[in-house]
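Residue numbers (the working numbering), protein chains in the order written: chain L, 1 to 157; chain B, 158 to 331.
Think of the hints as simulated: they come from the structure by calculation, not from any bench. Please note that a few of the clues may not be correct.
[To be verified] Derived pair list, reagent style DSS-like, types lysine-lysine, alpha-carbon separation capped at 27 Å:
{"no.": "1", "chain 1": "B", "residue 1": "246", "chain 2": "B", "residue 2": "308"}
{"no.": "2", "chain 1": "L", "residue 1": "100", "chain 2": "B", "residue 2": "308"}
{"no.": "3", "chain 1": "B", "residue 1": "320", "chain 2": "L", "residue 2": "70"}
[Unchecked claim] Going by beta-carbon spacing under 7 Å, a handful of chain L positions derived as facing chain B:
{"no.": "4", "residue": "29"}
{"no.": "5", "residue": "46"}
{"no.": "6", "residue": "47"}
{"no.": "7", "residue": "90"}
{"no.": "8", "residue": "94"}
Glycine residues also receive a C-beta, built at the ideal position from the N, C-alpha and C atoms.
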Amino acid sequence: MMRRFVMALAFALACGVASANEAKPLAEDPVVEQRLIRISEDIRCLVCQNESLAGSRADLANDLRREIRKLIHEGKTDAEITDFLVSRYGDFVLYRPPVKPLTWVLWFGPFLLLLGGVVFLIRFLRQRQQAHAAVAETPLSDEERRRAKALLDATEN
Amino acid sequence: MKKRFLWPLGLFLVLVGFLAVGLKRDPSMVPSPLVGKPAPAFELPRLEGDQRFAPKDMLGQVWMFNVWASWCVACREEHPVLVALAREKLLPIVGLNYKDQPADAALWLQRHGNPYGLSAVDADGRVGIDYGVYGVPETYIVDKAGVIRFKQIGPVTREVLDKTIRPLVQELQR
């Protein structure tokens, strides 16, 4: 039992060491790499569209990361670097699209749907309440009274 | 009472409509922000000869800028269309040999025909980034003033050529 535990521990440690080796930073400067990762996490890789630029291993993603690194070294701000990419690849590269007339539906559509649902719910509940009230107010006809009495008698027996 | 039952049916049909459109659309077709903007400047060596090429060399004519590579499979599909177009002499075609080995590129043109007046060599893909290239082949139509008027992502088919590119070029050449 103990031996197994030690082996498992050794294995886990070995895995840790292996992945640590893989995750070597690409450039010497950790500050630049930090900024690169922060910027590229919000950028879509256009080759494999469901991956961020930070996580993609596509060739183009490598080139773009190299380009962003260069821009950082040139002293560009994050906004300038994002603009650089948007001016070439369009808003689609942004995982957080900007709010502008073209993206209004995207940003506000869900709230509109929610509002529509609330309005529908309120109307539905009101209608139901009114229907119930109407039923409660109308007196029973003789026929209905007779049937109700029959039912009640049946349960009493 | 009946109207109430039609509501979900209506909503369902709208949803089906959206999904049907979504199925037919190609998610890799991303609208380019470059259309309507000046073609980004660059200066690159040519595949043949010692001269260099810059887009400003083409000012005053309508021209086609086609990004290609010998490793690009879809380029092979597109190539016969370009070769036929070059024979027509409708407009000059300039190639951008994107992230390729010059020897491979030359061999490829030898084998499949060369529709390009010249090809600029973008070995590290830096110019490709300026043109927003993300899937080779890509094709641009640039007008006499050097403004990009059209961009095709993926192969130029005969259909795109006849329905979109040819009328556009003829109009721009006027």
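Verification of the supplied hints:
A hinted pair counts as satisfied when its Cα atoms are at most 27 Å apart, and residue 246 of chain B with residue 308 of chain B qualifies at roughly 20 Å. Distance hint between residue 100 of chain L and residue 308 of chain B is fulfilled; the C-alpha atoms sit about 24 Å from each other, no more than 27 Å. With a CA separation close to 41 Å, the supplied pair residue 320 of chain B and residue 70 of chain L exceeds the 27 Å bound. Checking residue 29 of chain L against chain B by beta carbon gives a least distance of about 21 Å; that is not within 7 Å, so the hint is violated.
The interface hint given for residue 46 of chain L is met, as the beta carbon of that residue sits about 4 Å from the closest beta carbon of chain B, less than 7 Å. Contact between residue 47 of chain L and chain B, as hinted, is supported at the beta carbon level, the nearest pair being about 6 Å apart and thus within 7 Å. With a least beta-carbon distance of about 4 Å to chain B, the hint placing residue 90 of chain L at the interface is held under the 7 Å criterion. Checking residue 94 of chain L against chain B: minimum C-beta separation of about 12 Å lies over 7 Å; hint violated.
In this structure, the earlier hints numbered 3, 4 and 8 are contradicted, and the remaining ones agree with it.
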